[in-house]
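Q: Order-wise, the sequence lines are chains W and H.
Each residue of the first sequence is one higher than the one before, counting from 1 in the working numbering.
Each residue of the second sequence is one higher than the one before, counting from 1 in the working numbering.
The hints are simulated quantities; they were obtained by calculation from the structure and are not laboratory data.
All C-beta atoms in this analysis are idealised placements derived from N, C-alpha and C, irrespective of residue type, glycine included.
Incorrect hints may have been included.
Pairwise CB distance ranges (calculated) [what the hints assert, rightly or not]:
#1 W:Gln33 - H:Lys181: 41 to 49 Å
#2 H:Lys161 - W:Lys181: 40 to 48 Å
#3 H:Ile117 - W:Ala119: 27 to 35 Å
#4 W:Pro188 - H:Ser153: 28 to 36 Å
#5 W:Pro23 - H:Gly184: 28 to 36 Å
#6 H:Arg129 - W:Lys147: 51 to 59 Å
#7 H:Gly184 - W:Asp31: 36 to 44 Å
#8 W:Lys181 - H:Thr145: 23 to 31 Å
#9 W:Gln33 - H:Gln84: 38 to 46 Å
#10 W:Gly32 - H:Pro131: 20 to 28 Å
#11 W:Pro150 - H:Pro150: 54 to 62 Å
#12 W:Gly30 - H:Gln127: 34 to 42 Å
#13 H:Ala182 - W:Ser153: 35 to 43 Å
#14 H:Gly32 - W:Gly32: 52 to 60 Å
Protein chains: 2
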Amino acid sequence: MKTRVILLLSLLWTTLPAQIAGPNEPRYTGDGQLMRPDKYREWVYLSSGLGMTYGLVETAVANAFPERFDNVFVTPEAYKAFLQTGTWPDKTMFALEIRYSTTKGSINKGGHYQEGIAALEIHLKDQKRFPSKWAFFGFGTADQTAKPFPANSACQTCHAKNGAVDETFVQFYPTLLPVAKAKGTLKPLTGN
Amino acid sequence: MKTRVILLLSLLWTTLPAQIAGPNEPRYTGDGQLMRPDKYREWVYLSSGLGMTYGLVETAVANAFPERFDNVFVTPEAYKAFLQTGTWPDKTMFALEIRYSTTKGSINKGGHYQEGIAALEIHLKDQKRFPSKWAFFGFGTADQTAKPFPANSACQTCHAKNGAVDETFVQFYPTLLPVAKAKGTLKPLTGN
Numbered sequence: 001m002k003t004r005v006i007l008l009l010s011l012l013w014t015t016l017p018a019q020i021a022g023p024n025e026p027r028y029t030g031d032g033q034l035m036r037p038d039k040y041r042e043w044v045y046l047s048s049g050l051g052m053t054y055g056l057v058e059t060a061v062a063n064a065f066p067e068r069f070d071n072v073f074v075t076p077e078a079y080k081a082f083l084q085t086g087t088w089p090d091k092t093m094f095a096l097e098i099r100y101s102t103t104k105g106s107i108n109k110g111g112h113y114q115e116g117i118a119a120l121e122i123h124l125k126d127q128k129r130f131p132s133k134w135a136f137f138g139f140g141t142a143d144q145t146a147k148p149f150p151a152n153s154a155c156q157t158c159h160a161k162n163g164a165v166d167e168t169f170v171q172f173y174p175t176l177l178p179v180a181k182a183k184g185t186l187k188p189l190t191g192n
Numbered sequence: 001m002k003t004r005v006i007l008l009l010s011l012l013w014t015t016l017p018a019q020i021a022g023p024n025e026p027r028y029t030g031d032g033q034l035m036r037p038d039k040y041r042e043w044v045y046l047s048s049g050l051g052m053t054y055g056l057v058e059t060a061v062a063n064a065f066p067e068r069f070d071n072v073f074v075t076p077e078a079y080k081a082f083l084q085t086g087t088w089p090d091k092t093m094f095a096l097e098i099r100y101s102t103t104k105g106s107i108n109k110g111g112h113y114q115e116g117i118a119a120l121e122i123h124l125k126d127q128k129r130f131p132s133k134w135a136f137f138g139f140g141t142a143d144q145t146a147k148p149f150p151a152n153s154a155c156q157t158c159h160a161k162n163g164a165v166d167e168t169f170v171q172f173y174p175t176l177l178p179v180a181k182a183k184g185t186l187k188p189l190t191g192n
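Build the full structure now, drawing on both the sequences and the hints.
A: What follows is the structure, given as structure tokens:
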């Protein structure tokens, strides 16, 4: 009886965390495409921007009119690790969700609020799978899988050069920037 | 031995959910002030706006320049219940976080992104405590407790009249609006 109970308790402790953590790790198809993470809206929110443009990466999305919102989420396990260490563990996933903006609906009289999704990009760290450690994937609204961007893509190049922590734009995440400063993990970039 | 094991397992099942749910329920001081929820950034994100203004509630915050972002979060337990039912259970808490916006920092060349907190408002449902069922609380950046707004406040009046579901602005939460439509819980308001 005692052995069976210990076994039962061990199973509880070892299978419960795996069931919780599993959906927040990257899952790939047999031919190396990333499967769309369907629960990213329940990850931890980092920040939003409206109509953000960049010097090197002037994309059609960023220049669209009406301007679009971008919402950034990160996997809860990675967020908790970052609060402790100021760095991103392996299997970290970011979701960049781009949404259409609108105004003057319902009782709203001015300003901008969010509507439907225009696109979803995933930025993830998978050190064994990608020689550059990090990779980007772009999902259209109906895409369930996506191939990685080339290692020399504009996204990859700009993030590697300008990311404040590792290859990520912590300089735009107001709750994480103070953590990185306190942990001493900010790269010495101009303007950080 | 068997009895002790059953007791142990019962304790696991009954105490674990309580420990997880506790921090996401409203906590009050002895004199009825709400204690600032310190983990609201880990609640489920609903949406953001920039510089949103309303017909009846033209607040100084909404009209500020540069325009301010508002980020809305809801307690995870309430979010899960809403996905199932299209309604908000008792103890639901919303956080409206108002943040300053800025532009042209780091590599950003245009558009708006978020900086420090300007204010935090909590909107919650506590049916036994408040005759109107819902109440609002405003926290300055340093406030650890807040008194409820009067029951006839502009916030309360506008939400009761214009909230698409119960007293909440589901019309501005793009992932929840389709749920409310599917569950038939939208109020018959103009423009919904």
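Q: Now tell me, hint by hint, if it's right for this structure.
A: Quick rundown of the hints versus the structure:
Separation of Gln33 of chain W from Lys181 of chain H is about 32 Å and departs from the stated range, judged on CB atoms against 41 to 49 Å. The supplied range of 40 to 48 Å is met by Lys161 of chain H and Lys181 of chain W, whose beta-carbon atoms lie about 45 Å from each other. Our hint of 27 to 35 Å for Ile117 of chain H and Ala119 of chain W holds, since their Cβ atoms are close to 29 Å apart. In this structure the supplied range 28 to 36 Å is violated for Pro188 of chain W paired with Ser153 of chain H, their Cβ-Cβ distance being about 49 Å.
For the pair Pro23 of chain W and Gly184 of chain H, the beta carbons lie near 29 Å from each other, so the given range of 28 to 36 Å is met. A beta carbon spacing of about 53 Å between Arg129 of chain H and Lys147 of chain W agrees with the range 51 to 59 Å that was offered as a hint. Between Gly184 of chain H and Asp31 of chain W the beta carbon distance is about 42 Å. The supplied range of 36 to 44 Å therefore holds. Between Lys181 of chain W and Thr145 of chain H the Cβ separation comes to about 29 Å, which falls inside the hinted range of 23 to 31 Å.
Separation of Gln33 of chain W from Gln84 of chain H is about 32 Å and departs from the stated range, judged on CB atoms against 38 to 46 Å. The beta-carbon spacing between Gly32 of chain W and Pro131 of chain H, approximately 59 Å, falls outside the hinted interval of 20 to 28 Å. A hinted range of 54 to 62 Å holds for the C-beta pair Pro150 of chain W and Pro150 of chain H, which are about 59 Å apart. A beta carbon spacing of about 52 Å between Gly30 of chain W and Gln127 of chain H contradicts the range 34 to 42 Å that was offered as a hint.
The hinted range of 35 to 43 Å is satisfied by Ala182 of chain H and Ser153 of chain W, whose Cβ atoms lie roughly 38 Å apart. The supplied range of 52 to 60 Å is met by Gly32 of chain H and Gly32 of chain W, whose beta-carbon atoms lie about 58 Å from each other.
Comparing the model with each numbered hint stated earlier shows that hints 1, 4, 9, 10 and 12 do not hold.
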